[in-house]
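Assemble the complex: chain X is given as a structure, and chains A, Y and F must be docked to it using the hints.
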Amino acid sequence: MLDVLYFAWVRERIGEPRERVETGAATVADLVDELRAREDRYALAFSDLSALRVAVDQELAEWDSPLQGVREVAFFPPMTGG
Amino acid sequence: MLDVLYFAWVRERIGEPRERVETGAATVADLVDELRAREDRYALAFSDLSALRVAVDQELAEWDSPLQGVREVAFFPPMTGG
Amino acid sequence: MRVRVQSEPFDLGVELAGFGAEGDVGAQVTFTGIVRATGGLTRMEIEHYPGMTVKAIEKIAAEAMSRWALDDCLVIHRYGPLVPGDRIMMVATASRHRAAAFEAAEFLMDYLKSRAPFWKKEYGPDGAEWVAAKDEDEDALSRW
Amino acid sequence: MRVRVQSEPFDLGVELAGFGAEGDVGAQVTFTGIVRATGGLTRMEIEHYPGMTVKAIEKIAAEAMSRWALDDCLVIHRYGPLVPGDRIMMVATASRHRAAAFEAAEFLMDYLKSRAPFWKKEYGPDGAEWVAAKDEDEDALSRW
Numbered sequence: 001m002l003d004v005l006y007f008a009w010v011r012e013r014i015g016e017p018r019e020r021v022e023t024g025a026a027t028v029a030d031l032v033d034e035l036r037a038r039e040d041r042y043a044l045a046f047s048d049l050s051a052l053r054v055a056v057d058q059e060l061a062e063w064d065s066p067l068q069g070v071r072e073v074a075f076f077p078p079m080t081g082g
Numbered sequence: 083m084l085d086v087l088y089f090a091w092v093r094e095r096i097g098e099p100r101e102r103v104e105t106g107a108a109t110v111a112d113l114v115d116e117l118r119a120r121e122d123r124y125a126l127a128f129s130d131l132s133a134l135r136v137a138v139d140q141e142l143a144e145w146d147s148p149l150q151g152v153r154e155v156a157f158f159p160p161m162t163g164g
Numbered sequence: 165m166r167v168r169v170q171s172e173p174f175d176l177g178v179e180l181a182g183f184g185a186e187g188d189v190g191a192q193v194t195f196t197g198i199v200r201a202t203g204g205l206t207r208m209e210i211e212h213y214p215g216m217t218v219k220a221i222e223k224i225a226a227e228a229m230s231r232w233a234l235d236d237c238l239v240i241h242r243y244g245p246l247v248p249g250d251r252i253m254m255v256a257t258a259s260r261h262r263a264a265a266f267e268a269a270e271f272l273m274d275y276l277k278s279r280a281p282f283w284k285k286e287y288g289p290d291g292a293e294w295v296a297a298k299d300e301d302e303d304a305l306s307r308w
Numbered sequence: 309m310r311v312r313v314q315s316e317p318f319d320l321g322v323e324l325a326g327f328g329a330e331g332d333v334g335a336q337v338t339f340t341g342i343v344r345a346t347g348g349l350t351r352m353e354i355e356h357y358p359g360m361t362v363k364a365i366e367k368i369a370a371e372a373m374s375r376w377a378l379d380d381c382l383v384i385h386r387y388g389p390l391v392p393g394d395r396i397m398m399v400a401t402a403s404r405h406r407a408a409a410f411e412a413a414e415f416l417m418d419y420l421k422s423r424a425p426f427w428k429k430e431y432g433p434d435g436a437e438w439v440a441a442k443d444e445d446e447d448a449l450s451r452w
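Residue numbers (my numbering), protein chains in the order written: chain X, 1 to 82; chain A, 83 to 164; chain Y, 165 to 308; chain F, 309 to 452.
Pulled out of the complex, with its shape left as it was, chain X reads as follows:
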């Protein structure tokens, strides 16, 4: 079980800020594939990965980052702080 979080327009497209996901995905990319297959709103949110960033257990990560032992994955657009 994973906590999956969404921020900014990813959150708006998915329609919720977080959810618990039952998954055996080995990497972030696998998890994205699973989510995309669920519903159109997921397919839409994840249609262009180059416009997205991911954090694994609250650290910036890559699409091929492993999910073993991970509790929390977050998807969001490039950050615009400052």
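Accuracy of the hints is not assured; some may be wrong.
[Unchecked claim] A few chain A positions that, by computed beta-carbon distances, are all more than 10 Å from chain F:
#1 83
#2 97
#3 107
#4 111
#5 112
#6 114
#7 121
#8 123
#9 147
#10 148
[To be verified] Under the rule of at most 20 Å between Cα atoms (straight-line distance), these lysine to aspartate or glutamate pairs were calculated in the EDC-like manner:
#11 F/363 <-> A/154
#12 Y/285 <-> X/16
#13 Y/219 <-> X/57
#14 Y/223 <-> X/16
#15 F/367 <-> A/144
#16 F/429 <-> Y/188
#17 F/367 <-> F/353
#18 Y/285 <-> F/332
#19 F/429 <-> F/411
Just so you know, these hints were derived from the structure itself, not from any lab. We treat Cβ as the ideally placed atom computed from N, Cα and C, and that holds for glycine.
Using the frame of chain X, we list chains A, Y and F on its own:
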């Protein structure tokens, strides 16, 4: 007649912050030569021109700057503001 | 080193009182980011990632402290609703010498722009829009 | 644009209240110079050239305003007796974008160091000494 001002260690070596000088010097360098010839304390203060800066009518100037029409000349070490 | 993420406004004078006072500090640099009314912007909403934000900024600040001879460093970043003229965030650096204080403040700003988990949504005459990250902000990181 | 030369202390928060408020300012940078206790320094005396100081700083500030897209710029410089921890001077710049605000503040500092008519005399355990201008400060001007 010129107002001649001294700052920092130039002031300390000359022994006064300003004086009125009767001079026909054409340039700053000529004025320096006149002052140097006056007394040891002037010769000492002006012994190394590379360690000095000059302002003519309150603008930074050069040793060969003309003194025609000038009211005020100031001598001082390189500035240490900020 | 002090990092704070908050919805409340902050006062620069208050935040800087005693800042870096323990070191032999000769130079303090601050940067303050302010909401602009560009394009008729009426308000802004800043979203952040509560579990990650402070950690991510602390990591950036620790990097600044290790790369420059800083005596202290401070980052405050707001989230929530803001209007033009509001202060969004500030950084402050304290060092013996001005070059280190300036460079570290610029480094902090460049990294906060692209590596701290904040997202800005702008509300203006044409509706609401998420601010897009700029290529130049990403490129700015390459100089460090 | 505001330039002040004074013996009195100043308060950063007070000076920045409303600073740049008239423009569409997104970025404010400040630099504050502070007396350090280096080498056992117990006090410092700053001499200046009253007839020239404000004019010289105004010229530097006007140059900064013309070279960068600044909405405002502020310089305060003290003279007279100071002790470690005292603020010697500050500059502030306000601009739409952070790069201009940072660069202009660094430019102002580099020029104030070597082109504003101030001289520092330091008093410490070995007596009094006029601070010598540093080659690196003169060299810093060449980058602008």
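How the hints compare with the structure:
1. 83: Check passes; 17 Å lies beyond 10 Å.
2. 97: holds, 15 Å
3. 107: Holds, since 21 Å exceeds 10 Å.
4. 111: The claim stands: residue 111 of chain A keeps its Cβ more than 10 Å from every Cβ of chain F (closest is about 21 Å).
5. 112: holds, 22 Å
6. 114: Answer for residue 114 of chain A: holds, closest chain F Cβ roughly 18 Å.
7. 121: Residue 121 of chain A clear of chain F: closest Cβ-Cβ about 22 Å, beyond 10 Å.
8. 123: With a cut-off of 10 Å, residue 123 of chain A remains clear of chain F, as the shortest Cβ separation is near 17 Å.
9. 147: Its Cβ never comes within 10 Å of chain F, the nearest being 15 Å, so this holds.
10. 148: holds, 19 Å
11. F/363 <-> A/154: holds, 15 Å
12. Y/285 <-> X/16: Roughly 17 Å between the alpha carbons, so the hint for residue 285 of chain Y and residue 16 of chain X holds.
13. Y/219 <-> X/57: At roughly 11 Å apart (the allowed maximum being 20 Å), residue 57 of chain X and residue 219 of chain Y satisfy the hint.
14. Y/223 <-> X/16: violated, 29 Å
15. F/367 <-> A/144: Satisfied, since the Cα-Cα distance of roughly 18 Å is no more than 20 Å.
16. F/429 <-> Y/188: holds, 18 Å
17. F/367 <-> F/353: Since the Cα atoms of residue 367 of chain F and residue 353 of chain F sit roughly 25 Å apart, the hinted pair is violated (cutoff 20 Å).
18. Y/285 <-> F/332: holds, 18 Å
19. F/429 <-> F/411: violated, 29 Å
Hints 14, 17 and 19, counting from the list given before, are not met by this structure.
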